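Novice: Here the sequence shown stands for residues 822 to 1150, numbered as in the working numbering.
Think of the hints as simulated: they come from the structure by calculation, not from any bench.
If you're wondering where the values come from, they're calculated on a predicted model, not measured in any experiment.
Note that CB positions come from ideal geometry on N, CA and C, so glycine has one too.
Only pairs whose alpha carbons sit at most 27 Å apart, straight line, appear in this in silico BS3-like list of lysine-lysine:
1) K1054 with K1018
2) K1022 with K1049
3) K1150 with K823
Using C-beta positions, here's what the derived DEER-type ranges look like:
4) S1079 with K959: 24 to 30 Å
5) P930 with K1122: 22 to 28 Å
6) K1018 with P910: 47 to 53 Å
7) K959 with D1120: 26 to 32 Å
8) Q1073 with P960: 33 to 39 Å
9) T835 with S1012: 39 to 45 Å
10) T1123 with L1082: 43 to 49 Å
11) P1140 with S1079: 35 to 41 Å
12) A1080 with N924: 43 to 49 Å
13) S1079 with K823: 52 to 58 Å
14) A1061 with P1140: 32 to 38 Å
15) K1118 with K828: 36 to 42 Å
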Amino acid sequence: MKALTIKNFKTAPTLDLNAPNPIPDSQFDTLINVLAAPIENFDKANASGRHYSSSYWHPAFPSIPGASGIGRRIDNGKLVAFPARTLKPQFGSFAEQTVANSNLLLEIPEDTDIYASTAAASSLLTSVAPLQFSLEMKPGNTVLINGATGFAGQLAIQAAKSLGAAEIIGTGRNPERLAMLKDLGATQTISLANDDKTISKNLNNMHIQGDLIILDYLWGHPIELILKAIVPKSLDMKRATSLVSIGAIAEQEISLPSAALRTSGLQIIGMQTPKVMQNQRAVYQAVWQLLGTGKIKADVKTISLEEAAANIDWQSPVPSGVRTVIKIK
822 MKALTIKNFK TAPTLDLNAP NPIPDSQFDT LINVLAAPIE NFDKANASGR HYSSSYWHPA
882 FPSIPGASGI GRRIDNGKLV AFPARTLKPQ FGSFAEQTVA NSNLLLEIPE DTDIYASTAA
942 ASSLLTSVAP LQFSLEMKPG NTVLINGATG FAGQLAIQAA KSLGAAEIIG TGRNPERLAM
1002 LKDLGATQTI SLANDDKTIS KNLNNMHIQG DLIILDYLWG HPIELILKAI VPKSLDMKRA
1062 TSLVSIGAIA EQEISLPSAA LRTSGLQIIG MQTPKVMQNQ RAVYQAVWQL LGTGKIKADV
1122 KTISLEEAAA NIDWQSPVPS GVRTVIKIK
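Based on the sequences and whatever the hints tell you, model everything.
Specialist: See the structure below:
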(Lines of atoms letter the chains of each structure in order from A and count residues from 1; the text may use other names and numbers.)
(Lines give C-alpha, C1' and ligand atoms only; values in the text may rest on other atoms or scores of the structure.)
Protein backbone atom coordinates (compact mmCIF):
# COMPACT_ATOMS: atom_id res chain seq x y z
CA MET A 1 0.00 0.00 0.00
CA LYS A 2 0.99 3.66 -0.30
CA ALA A 3 2.11 5.33 2.94
CA LEU A 4 4.38 7.90 4.53
CA THR A 5 7.00 6.08 6.55
CA ILE A 6 9.88 7.03 8.82
CA LYS A 7 13.11 5.01 8.81
CA ASN A 8 14.35 6.59 12.05
CA PHE A 9 13.74 9.65 14.21
CA LYS A 10 16.34 11.75 12.41
CA THR A 11 14.95 11.83 8.88
CA ALA A 12 11.63 13.15 7.58
CA PRO A 13 8.82 10.84 6.44
CA THR A 14 9.14 9.62 2.86
CA LEU A 15 6.62 8.14 0.43
CA ASP A 16 6.66 4.33 0.33
CA LEU A 17 4.66 2.79 -2.49
CA ASN A 18 4.95 -0.72 -1.06
CA ALA A 19 4.48 -0.32 2.67
CA PRO A 20 3.25 -3.46 4.47
CA ASN A 21 -0.48 -3.64 5.14
CA PRO A 22 -1.49 -3.66 8.82
CA ILE A 23 -2.54 -6.95 10.39
CA PRO A 24 -5.36 -7.00 12.97
CA ASP A 25 -4.86 -8.53 16.42
CA SER A 26 -6.97 -9.02 19.54
CA GLN A 27 -6.72 -5.36 20.59
CA PHE A 28 -6.54 -3.57 17.24
CA ASP A 29 -9.14 -5.63 15.44
CA THR A 30 -10.60 -3.47 12.67
CA LEU A 31 -9.05 -2.64 9.31
CA ILE A 32 -9.87 0.77 7.86
CA ASN A 33 -9.42 2.34 4.46
CA VAL A 34 -8.19 5.84 5.32
CA LEU A 35 -9.89 8.79 3.63
CA ALA A 36 -8.34 11.77 5.41
CA ALA A 37 -5.77 12.43 8.16
CA PRO A 38 -4.70 15.73 9.74
CA ILE A 39 -1.07 16.75 10.21
CA GLU A 40 -0.81 17.88 13.83
CA ASN A 41 2.13 19.14 15.91
CA PHE A 42 1.72 15.88 17.83
CA ASP A 43 2.37 13.89 14.65
CA LYS A 44 5.45 15.92 13.78
CA ALA A 45 6.92 15.60 17.26
CA ASN A 46 6.23 11.87 17.35
CA ALA A 47 7.78 11.26 13.94
CA SER A 48 10.97 13.06 14.94
CA GLY A 49 11.34 11.45 18.36
CA ARG A 50 10.66 14.73 20.19
CA HIS A 51 7.50 13.59 21.97
CA TYR A 52 7.60 11.52 25.15
CA SER A 53 5.40 8.87 23.48
CA SER A 54 7.46 8.60 20.27
CA SER A 55 8.93 5.22 21.18
CA TYR A 56 5.45 3.86 21.98
CA TRP A 57 3.97 4.85 18.63
CA HIS A 58 7.10 3.93 16.69
CA PRO A 59 8.54 0.86 18.46
CA ALA A 60 10.37 -0.29 15.32
CA PHE A 61 11.15 0.98 11.82
CA PRO A 62 9.92 1.52 9.22
CA SER A 63 6.89 3.05 10.91
CA ILE A 64 3.88 5.03 9.70
CA PRO A 65 3.04 8.35 11.47
CA GLY A 66 -0.42 9.84 11.87
CA ALA A 67 -2.56 9.66 15.01
CA SER A 68 -6.12 10.27 13.82
CA GLY A 69 -8.44 10.65 10.85
CA ILE A 70 -11.57 9.44 9.07
CA GLY A 71 -12.02 6.31 7.00
CA ARG A 72 -14.25 3.35 6.14
CA ARG A 73 -14.31 0.09 8.01
CA ILE A 74 -13.40 -2.72 5.62
CA ASP A 75 -15.73 -5.20 7.34
CA ASN A 76 -18.99 -3.24 7.04
CA GLY A 77 -18.25 -0.11 4.98
CA LYS A 78 -19.27 2.29 7.76
CA LEU A 79 -17.79 5.79 7.80
CA VAL A 80 -15.87 6.17 11.05
CA ALA A 81 -13.66 8.62 12.89
CA PHE A 82 -10.62 7.25 14.67
CA PRO A 83 -9.31 9.65 17.33
CA ALA A 84 -5.81 9.69 18.80
CA ARG A 85 -4.83 6.54 20.77
CA THR A 86 -7.20 4.43 18.62
CA LEU A 87 -4.65 3.08 16.14
CA LYS A 88 -2.07 0.33 16.42
CA PRO A 89 1.48 1.59 17.03
CA GLN A 90 3.65 1.55 13.88
CA PHE A 91 0.54 1.69 11.66
CA GLY A 92 -0.62 5.32 11.72
CA SER A 93 -3.11 7.16 9.55
CA PHE A 94 -0.72 8.56 6.92
CA ALA A 95 -1.41 5.52 4.75
CA GLU A 96 -4.06 4.00 2.52
CA GLN A 97 -4.98 1.56 5.27
CA THR A 98 -4.71 1.40 9.07
CA VAL A 99 -5.96 -0.81 11.90
CA ALA A 100 -7.86 0.36 14.99
CA ASN A 101 -9.44 -0.64 18.27
CA SER A 102 -13.12 -1.02 17.35
CA ASN A 103 -14.23 0.00 20.86
CA LEU A 104 -12.92 3.53 20.28
CA LEU A 105 -14.19 4.04 16.73
CA LEU A 106 -17.04 6.50 16.21
CA GLU A 107 -19.54 5.94 13.43
CA ILE A 108 -20.29 9.30 11.79
CA PRO A 109 -22.96 10.46 9.29
CA GLU A 110 -22.40 9.88 5.59
CA ASP A 111 -22.89 13.58 4.84
CA THR A 112 -19.99 14.59 7.13
CA ASP A 113 -17.60 17.15 5.69
CA ILE A 114 -14.69 14.73 5.90
CA TYR A 115 -11.82 17.17 5.51
CA ALA A 116 -13.11 19.98 7.74
CA SER A 117 -14.13 17.50 10.45
CA THR A 118 -10.82 15.65 10.26
CA ALA A 119 -8.97 18.94 10.61
CA ALA A 120 -11.00 20.11 13.58
CA ALA A 121 -11.57 16.97 15.64
CA SER A 122 -8.22 16.52 17.39
CA SER A 123 -7.73 20.23 17.98
CA LEU A 124 -11.29 20.68 19.25
CA LEU A 125 -10.68 17.88 21.74
CA THR A 126 -7.99 20.00 23.46
CA SER A 127 -10.67 22.42 24.69
CA VAL A 128 -13.73 20.17 24.96
CA ALA A 129 -11.90 17.64 27.16
CA PRO A 130 -10.84 20.08 29.92
CA LEU A 131 -13.90 22.35 29.77
CA GLN A 132 -16.59 19.70 29.65
CA PHE A 133 -14.94 16.80 31.50
CA SER A 134 -11.94 17.74 33.68
CA LEU A 135 -13.45 20.98 34.98
CA GLU A 136 -17.15 20.43 34.16
CA MET A 137 -17.52 24.10 33.33
CA LYS A 138 -20.86 25.68 34.19
CA PRO A 139 -22.50 28.39 32.03
CA GLY A 140 -21.73 31.92 33.19
CA ASN A 141 -18.00 31.50 33.78
CA THR A 142 -15.08 33.14 31.97
CA VAL A 143 -12.69 31.33 29.63
CA LEU A 144 -9.39 32.90 28.64
CA ILE A 145 -7.72 31.25 25.63
CA ASN A 146 -4.02 32.08 25.57
CA GLY A 147 -2.99 31.59 21.96
CA ALA A 148 -6.47 32.03 20.50
CA THR A 149 -5.25 33.04 17.04
CA GLY A 150 -3.90 29.54 16.38
CA PHE A 151 -6.05 26.81 14.86
CA ALA A 152 -6.84 25.04 18.15
CA GLY A 153 -7.32 28.37 19.91
CA GLN A 154 -9.95 29.46 17.42
CA LEU A 155 -11.81 26.20 17.99
CA ALA A 156 -11.49 26.67 21.76
CA ILE A 157 -13.37 29.97 21.50
CA GLN A 158 -16.19 28.20 19.71
CA ALA A 159 -16.21 25.35 22.25
CA ALA A 160 -16.38 27.83 25.17
CA LYS A 161 -19.26 29.63 23.47
CA SER A 162 -21.16 26.38 22.94
CA LEU A 163 -20.80 25.55 26.65
CA GLY A 164 -22.24 28.89 27.73
CA ALA A 165 -19.20 30.91 28.81
CA ALA A 166 -20.26 34.44 29.78
CA GLU A 167 -16.93 36.01 28.86
CA ILE A 168 -14.46 34.58 26.32
CA ILE A 169 -11.07 36.31 26.20
CA GLY A 170 -8.65 35.57 23.38
CA THR A 171 -4.97 36.47 23.26
CA GLY A 172 -2.61 36.30 20.29
CA ARG A 173 -0.01 38.09 18.21
CA ASN A 174 -1.48 37.94 14.70
CA PRO A 175 -3.51 41.19 14.30
CA GLU A 176 -5.65 39.93 11.40
CA ARG A 177 -6.67 36.73 13.19
CA LEU A 178 -7.11 38.57 16.48
CA ALA A 179 -9.62 40.85 14.76
CA MET A 180 -11.57 37.78 13.59
CA LEU A 181 -11.98 36.24 17.04
CA LYS A 182 -15.12 38.16 17.97
CA ASP A 183 -16.87 36.69 14.94
CA LEU A 184 -16.15 33.27 16.47
CA GLY A 185 -17.52 34.19 19.89
CA ALA A 186 -14.79 36.06 21.76
CA THR A 187 -16.07 38.95 23.90
CA GLN A 188 -12.62 40.44 24.58
CA THR A 189 -9.25 40.26 22.82
CA ILE A 190 -5.74 41.13 23.98
CA SER A 191 -2.76 41.54 21.66
CA LEU A 192 0.47 39.84 22.71
CA ALA A 193 2.37 41.86 20.10
CA ASN A 194 2.52 44.87 22.45
CA ASP A 195 5.20 45.58 25.05
CA ASP A 196 4.91 43.91 28.47
CA LYS A 197 3.62 47.06 30.16
CA THR A 198 0.75 47.42 27.69
CA ILE A 199 -0.10 43.72 27.78
CA SER A 200 -0.16 43.74 31.59
CA LYS A 201 -2.38 46.83 31.64
CA ASN A 202 -4.85 45.18 29.26
CA LEU A 203 -4.81 41.95 31.27
CA ASN A 204 -5.49 43.87 34.47
CA ASN A 205 -8.51 45.47 32.78
CA MET A 206 -10.09 42.17 31.76
CA HIS A 207 -13.75 41.75 32.69
CA ILE A 208 -14.09 38.39 34.45
CA GLN A 209 -17.46 36.92 35.36
CA GLY A 210 -17.78 33.84 37.56
CA ASP A 211 -14.86 31.43 37.83
CA LEU A 212 -11.91 31.79 35.47
CA ILE A 213 -10.60 28.98 33.25
CA ILE A 214 -7.40 29.58 31.29
CA LEU A 215 -6.75 27.33 28.30
CA ASP A 216 -3.07 27.83 27.56
CA TYR A 217 -1.61 26.90 24.18
CA LEU A 218 1.55 29.02 24.53
CA TRP A 219 3.14 28.69 28.00
CA GLY A 220 6.36 30.72 28.41
CA HIS A 221 6.35 34.48 28.92
CA PRO A 222 2.71 35.08 27.86
CA ILE A 223 1.37 32.88 30.65
CA GLU A 224 3.76 34.51 33.13
CA LEU A 225 2.13 37.87 32.39
CA ILE A 226 -1.34 36.37 32.78
CA LEU A 227 -0.49 34.72 36.11
CA LYS A 228 0.81 38.01 37.49
CA ALA A 229 -2.35 39.78 36.32
CA ILE A 230 -4.71 37.40 38.14
CA VAL A 231 -3.07 37.93 41.55
CA PRO A 232 -5.79 39.72 43.56
CA LYS A 233 -5.17 43.05 45.20
CA SER A 234 -6.79 41.92 48.47
CA LEU A 235 -7.41 38.74 50.47
CA ASP A 236 -11.01 38.65 49.26
CA MET A 237 -10.92 35.55 47.02
CA LYS A 238 -13.78 36.08 44.60
CA ARG A 239 -13.34 33.19 42.20
CA ALA A 240 -11.70 29.86 41.48
CA THR A 241 -9.04 29.99 38.77
CA SER A 242 -7.96 26.96 36.74
CA LEU A 243 -5.05 26.88 34.31
CA VAL A 244 -5.03 24.07 31.75
CA SER A 245 -1.64 23.51 30.12
CA ILE A 246 -2.22 22.33 26.55
CA GLY A 247 0.78 23.49 24.52
CA ALA A 248 4.14 25.22 24.80
CA ILE A 249 4.58 27.09 21.53
CA ALA A 250 6.24 30.09 23.21
CA GLU A 251 8.65 28.47 25.70
CA GLN A 252 8.93 25.23 27.65
CA GLU A 253 9.53 26.79 31.09
CA ILE A 254 8.05 29.60 33.16
CA SER A 255 8.69 31.48 36.39
CA LEU A 256 5.67 30.89 38.63
CA PRO A 257 5.00 33.53 41.30
CA SER A 258 3.99 32.01 44.63
CA ALA A 259 1.33 34.71 45.10
CA ALA A 260 -0.53 33.41 42.06
CA LEU A 261 -1.06 30.14 43.90
CA ARG A 262 -1.52 31.45 47.44
CA THR A 263 -4.01 34.21 46.85
CA SER A 264 -5.84 33.58 43.57
CA GLY A 265 -7.11 30.05 44.20
CA LEU A 266 -5.14 28.89 41.17
CA GLN A 267 -5.02 25.22 40.25
CA ILE A 268 -2.89 23.98 37.36
CA ILE A 269 -3.77 20.84 35.43
CA GLY A 270 -2.77 19.25 32.15
CA MET A 271 -5.12 18.51 29.28
CA GLN A 272 -4.93 14.78 29.97
CA THR A 273 -6.48 14.10 33.36
CA PRO A 274 -7.89 10.90 34.92
CA LYS A 275 -11.42 12.09 34.11
CA VAL A 276 -10.50 12.49 30.46
CA MET A 277 -8.63 9.20 30.19
CA GLN A 278 -11.39 7.26 31.97
CA ASN A 279 -14.04 8.73 29.66
CA GLN A 280 -12.26 8.66 26.32
CA ARG A 281 -15.22 7.53 24.28
CA ALA A 282 -17.53 10.10 25.90
CA VAL A 283 -14.96 12.84 25.17
CA TYR A 284 -14.77 11.79 21.52
CA GLN A 285 -18.56 11.68 21.28
CA ALA A 286 -18.80 15.19 22.74
CA VAL A 287 -16.35 16.46 20.14
CA TRP A 288 -18.26 14.89 17.29
CA GLN A 289 -21.59 16.04 18.65
CA LEU A 290 -20.27 19.60 18.53
CA LEU A 291 -18.91 19.09 15.01
CA GLY A 292 -22.28 17.67 13.99
CA THR A 293 -24.00 20.96 14.75
CA GLY A 294 -22.33 22.46 11.68
CA LYS A 295 -21.47 25.59 13.65
CA ILE A 296 -17.73 24.97 13.99
CA LYS A 297 -15.62 26.99 11.54
CA ALA A 298 -12.14 25.79 10.59
CA ASP A 299 -9.65 26.77 7.88
CA VAL A 300 -8.48 23.65 6.05
CA LYS A 301 -5.94 22.88 3.34
CA THR A 302 -5.89 19.45 1.66
CA ILE A 303 -2.83 17.80 0.13
CA SER A 304 -1.92 14.35 -1.19
CA LEU A 305 0.50 11.84 0.34
CA GLU A 306 2.95 12.78 -2.41
CA GLU A 307 2.68 16.48 -1.56
CA ALA A 308 3.05 15.75 2.14
CA ALA A 309 6.30 13.91 1.50
CA ALA A 310 7.67 16.62 -0.78
CA ASN A 311 6.45 19.87 0.72
CA ILE A 312 5.88 19.56 4.48
CA ASP A 313 8.55 20.85 6.85
CA TRP A 314 8.39 18.12 9.48
CA GLN A 315 10.65 19.94 11.94
CA SER A 316 8.63 23.16 12.18
CA PRO A 317 5.32 23.72 14.00
CA VAL A 318 2.18 23.47 11.89
CA PRO A 319 1.07 26.81 10.40
CA SER A 320 -0.98 28.92 12.80
CA GLY A 321 -4.67 29.33 12.05
CA VAL A 322 -5.00 26.67 9.36
CA ARG A 323 -4.83 22.86 9.43
CA THR A 324 -3.43 20.69 6.65
CA VAL A 325 -5.23 17.42 5.94
CA ILE A 326 -3.85 14.58 3.85
CA LYS A 327 -6.49 13.53 1.33
CA ILE A 328 -5.88 9.84 0.75
CA LYS A 329 -8.89 8.55 -1.18
